[in-house]
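Asker: In the working numbering, the protein residues as written are 279 to 357.
Please keep in mind that the hints were generated in silico from the structure rather than gathered at the bench. Since the model is a prediction, treat every value here as computed from it, not as a measurement. Backbone N, C-alpha and C define an ideal beta-carbon position, used for all residues, glycine too. Don't take each hint at face value.
Claimed, not checked - Distance windows between CB atoms, simulated:
hint	residue 1	residue 2	range
1	Leu287	His307	15 to 25 Å
2	Lys314	Arg294	29 to 39 Å
3	Arg334	Glu301	15 to 25 Å
4	Pro302	Ala324	31 to 41 Å
5	Leu308	Ala283	22 to 32 Å
6	Ala290	Thr311	30 to 40 Å
7	Arg297	Ala350	34 to 44 Å
8	Pro337	Leu317	38 to 48 Å
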Amino acid sequence: LKAFADCGLDPAYFARRTRDFDEPLPWDHLDCTVSKAFLKREWEQAVEANLTGDCRRAPCKGCNVCPELNTAIIDYKEG
């Protein structure tokens, strides 16, 4: 908190305000292969309490993890 005070910044502004997806977000510089557009769609799904289907049993949702990491989807038997 001292760093915020030294710079004249309010930490609540950064921690508690509603953010817009079009603004730069604190984690935008991190590359986890999942696009910001995909994360926004997932957030919208979560707000509506909708689940995203498991891509092993439903169509690909376009998160980009499998092709980026050269990963094959392996299904498993339940039970």
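Asker: Each hint should be assessed against the structure and marked as holding or not.
Answerer: So, going through the hints one by one against the coordinates:
| no. | hint | verdict |
| --- | --- | --- |
| 1 | Leu287 - His307: 15 to 25 Å | 19 Å, holds |
| 2 | Lys314 - Arg294: 29 to 39 Å | 21 Å, violated |
| 3 | Arg334 - Glu301: 15 to 25 Å | 35 Å, violated |
| 4 | Pro302 - Ala324: 31 to 41 Å | 22 Å, violated |
| 5 | Leu308 - Ala283: 22 to 32 Å | 27 Å, holds |
| 6 | Ala290 - Thr311: 30 to 40 Å | 32 Å, holds |
| 7 | Arg297 - Ala350: 34 to 44 Å | 35 Å, holds |
| 8 | Pro337 - Leu317: 38 to 48 Å | 19 Å, violated |
Checked against the numbered hints given earlier, this structure breaks hints 2, 3, 4, 8; the rest are met.
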